[in-house]
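The hints should help you fit chain B onto chain A, whose structure is shown.
Chains as they are written, first to last, in the numbering used here: chain A, 1 to 305; chain B, 1 to 431.
Just to be clear, a hint being listed does not mean it is correct.
Distance ranges between label pairs, derived from CB positions [to be verified]:
#1 V71(A) <-> P224(B): 34 to 42 Å
#2 S118(B) <-> Y172(A): 43 to 51 Å
#3 K291(B) <-> T63(A): 47 to 55 Å
#4 E228(B) <-> P61(A): 27 to 35 Å
Since the hints were made in silico from the structure, they are not lab data.
Even glycine gets a Cβ: it sits at the ideal position worked out from N, Cα and C.
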Amino acid sequence: MTATISTTSVTPTRRRRRSARLSPLLVAFVLVPFAVESIWVFWPALQGFWFSLTRWDGMTPPTFVGTDNYVELAGDATFRGALVNTVIWLVLFGGLSVLGGFGMALVLQKERRGVGFYRAALFTPVVFSLVVTALVWRVFYQPDGIADTLLRAVGLESLIRPWLADPQTALYAVILPALWRQIGYVMVLFLAGLKAIDPALHEAARMDGANSWQRLRHVTIPQLKGVNAVVLSVIVIDSLRSFDIVWSLTKGGPYHSSELLSTYMYSTAFQSLRLGYASAIAVVIFVLALAVILGYLVRAFREEA
Amino acid sequence: MSDFDPGRRRFLGHLGLAGLGALGASSFLSACASSASGPTTSSGSGAVTIQSNLSSPQAKAAMEKLIETFNGQGKGTASLNTIASETFRTQLPTYLTSANPPDLYTWYAGSVANDYASKNLLLDVSDVWKSLGDYPQSLRTLSTDASGKQIFVPMNNYWWGFFYRKSNFAKWGVQEPKNWTEFLALCETLKSKGIPPIGIGLGDTPWVASAWFDYLNIRINGAPFHRELLAGKQRFDDPKVKAVFTRWREALPYFDPKGKAYPFQEATTALLAGKTGMFLIGTFFADAAPKDALGDLDFFRFPIIDPAVPLAEEAPTDGFFASAKTANPTGTKALLSYLAGVEAQEAYVKASSGIVLPANPKAKASDSPLVVKGKAMLDEAKELTQFFNRDSSDALQPTADTALTKFIDKPDQIDAILREWQAGAEKVFKG
Numbered sequence: 001m002t003a004t005i006s007t008t009s010v011t012p013t014r015r016r017r018r019s020a021r022l023s024p025l026l027v028a029f030v031l032v033p034f035a036v037e038s039i040w041v042f043w044p045a046l047q048g049f050w051f052s053l054t055r056w057d058g059m060t061p062p063t064f065v066g067t068d069n070y071v072e073l074a075g076d077a078t079f080r081g082a083l084v085n086t087v088i089w090l091v092l093f094g095g096l097s098v099l100g101g102f103g104m105a106l107v108l109q110k111e112r113r114g115v116g117f118y119r120a121a122l123f124t125p126v127v128f129s130l131v132v133t134a135l136v137w138r139v140f141y142q143p144d145g146i147a148d149t150l151l152r153a154v155g156l157e158s159l160i161r162p163w164l165a166d167p168q169t170a171l172y173a174v175i176l177p178a179l180w181r182q183i184g185y186v187m188v189l190f191l192a193g194l195k196a197i198d199p200a201l202h203e204a205a206r207m208d209g210a211n212s213w214q215r216l217r218h219v220t221i222p223q224l225k226g227v228n229a230v231v232l233s234v235i236v237i238d239s240l241r242s243f244d245i246v247w248s249l250t251k252g253g254p255y256h257s258s259e260l261l262s263t264y265m266y267s268t269a270f271q272s273l274r275l276g277y278a279s280a281i282a283v284v285i286f287v288l289a290l291a292v293i294l295g296y297l298v299r300a301f302r303e304e305a
Numbered sequence: 001m002s003d004f005d006p007g008r009r010r011f012l013g014h015l016g017l018a019g020l021g022a023l024g025a026s027s028f029l030s031a032c033a034s035s036a037s038g039p040t041t042s043s044g045s046g047a048v049t050i051q052s053n054l055s056s057p058q059a060k061a062a063m064e065k066l067i068e069t070f071n072g073q074g075k076g077t078a079s080l081n082t083i084a085s086e087t088f089r090t091q092l093p094t095y096l097t098s099a100n101p102p103d104l105y106t107w108y109a110g111s112v113a114n115d116y117a118s119k120n121l122l123l124d125v126s127d128v129w130k131s132l133g134d135y136p137q138s139l140r141t142l143s144t145d146a147s148g149k150q151i152f153v154p155m156n157n158y159w160w161g162f163f164y165r166k167s168n169f170a171k172w173g174v175q176e177p178k179n180w181t182e183f184l185a186l187c188e189t190l191k192s193k194g195i196p197p198i199g200i201g202l203g204d205t206p207w208v209a210s211a212w213f214d215y216l217n218i219r220i221n222g223a224p225f226h227r228e229l230l231a232g233k234q235r236f237d238d239p240k241v242k243a244v245f246t247r248w249r250e251a252l253p254y255f256d257p258k259g260k261a262y263p264f265q266e267a268t269t270a271l272l273a274g275k276t277g278m279f280l281i282g283t284f285f286a287d288a289a290p291k292d293a294l295g296d297l298d299f300f301r302f303p304i305i306d307p308a309v310p311l312a313e314e315a316p317t318d319g320f321f322a323s324a325k326t327a328n329p330t331g332t333k334a335l336l337s338y339l340a341g342v343e344a345q346e347a348y349v350k351a352s353s354g355i356v357l358p359a360n361p362k363a364k365a366s367d368s369p370l371v372v373k374g375k376a377m378l379d380e381a382k383e384l385t386q387f388f389n390r391d392s393s394d395a396l397q398p399t400a401d402t403a404l405t406k407f408i409d410k411p412d413q414i415d416a417i418l419r420e421w422q423a424g425a426e427k428v429f430k431g
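The shape of chain A in the complex, shown without the other chains (with noise of 0.2 Å):
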């Protein structure tokens, strides 16, 4: 598209003739790269919602079940469960790395002495794999670990519980490493927001008598709507499709408790082998992605209008 828009710009009236006929080298990087993008992409989605039609163990070919896997779906209290779970994992995991990143970013963007080993400090979670990230935390859960040497230091034994292996903790021991490491993410894209923002509106805001509360409402959010649009796509995606960081620390065990759609999907893919259902899973993913998403895009295009 931005191909198009410069040749018609950039030729003037004499070659305007010449833009109808599409020059073999556009063509090419439009088809090239959308060939691709269908083989492996497009194809496997489609074909994913096919397979949410079938019963298939991977290894026979698969059956037309029809709407059977959604039937399943509506009734099957593991996915309801997962929902709810992945529910709460975007409220908090979404809702505290953006507050968190917002206030992060919003602390650290004066230059000042210091500055920028506090930005690194907190940027560094991301730089390590998820799974590296897990590995950490599985030291910090565990039976007489780190929470458990500091609860011990400050009189409150009582809290101690297999953080991971009880049903009424394992969801939040799990989403903190994930926050830990998506606030610093989170942080950097609100600072570069902040930097974008032209000094002369603050200015002005100051020099009309807005306090700094005033200004951060009615001058630094406004601006940031760009970002906003983002923050809020990259949350959401990285909400539904958090896996690496359950799957490494609980499994969505203990019995189910910390699952989430996503690992659900996993687990019968791969475990339990019902390809047909786990591809219902997905859609139901996708759907929710798509909708959260798709949701934003219409309110902020019709703002925009």
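Below, chain B without anything else, positioned relative to chain A:
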């Protein structure tokens, strides 16, 4: 994906899973379906490719050495392809259904092999068995599919038992129990001394709990009922299954409460450090034990509950099967015959570090007292079972993990747990 499989040496390197995005995963699923090509390897009467999941350093080196020796004998050529066990497990169906599959695979005996046989994916290796006349009948039966032909060649097996440190039992002044009553008394004694009697490791390795279920079931209801249950011919909400849990509940107060939170490797460390009294586990746990502790280890069989029930033991058997579509059946069978022979099995047992018993009765096992005792225990057993997942399927294992960890947490809810288990199992059997 899963540490849920009790197969040996599968516990390392399972964390390397990429996060699967919503769409990404559905495309991954379909990628499996549409890939009719799979790994392209052998052609015609060329080298036999062997796909191995024995990826721990010692086992891998041992296999490499075996293949090298085979190639030196001039009966054919083989090439070894070692794959991380978790990848192997998830990819095995793809290998077997691909148009040009590898020839030979490491795998486990029992239902997990027979399932593939029932889909006509495995090579009939009855020819190989003709020269294995001295193998015990139990192994022959185990390697035979529903249609009566042999599809599996065993390499070695190992056993499960209550392992303990001799020095600790001496220090505490306790002896091996002979039956369930003595076992509970032993637990009570240890508990009164402030030692959690029974170690377990369910965090990350919840399948370890299945050993308790398997053993209680084969001690109370017998091995045939156990197999029928795992094949879907009996129900998990049957009163006979509930009886298993009633017994289990008697021992539940003696379980190490920390065992819920850490994996069996750490439960091993706890046992060796004297922080737990004993530990029901397979011999593979010793891979994680320091060599100097090995001499101090001993075990006793799972206590007898009902003397009228024929004695059965868990003896998971590892070995090989071949693809029905192999382009070189002669070479594949030659390699299998070699692997089933005394020379190869002795070489493997010697080179791999673990405590394993060679399948070939003529092959000499290690002569450590532990191995001698283990072999004697298996020889005495009337029936051998494999392990929960091997006697059923990897697909059924997660339903057991859920039910058993929940039972250990909430024994009061046993009726609801068994109902859920039955419902979950029915879904798996339905496909």
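Review point. CB of V71(A) to CB of P224(B), is that within 34 to 42 Å?
Key: Distance hint for V71(A), P224(B) holds at roughly 36 Å.
Exercise for review: Using the beta carbons of K291(B) and T63(A), state whether their distance is inside 47 to 55 Å or not.
Suggested key: holds, 53 Å
Practice item. Take a look at whether the Cβ-Cβ distance between S118(B) and Y172(A) falls inside 43 to 51 Å. Key: holds, 44 Å
Point to revise | C-beta pair E228(B), P61(A): status relative to the range 27 to 35 Å that was hinted | key: Since E228(B) and P61(A) have Cβ atoms about 29 Å apart, the given range 27 to 35 Å holds.
Violation of the numbered hints given earlier is absent; every hint is satisfied by the structure.
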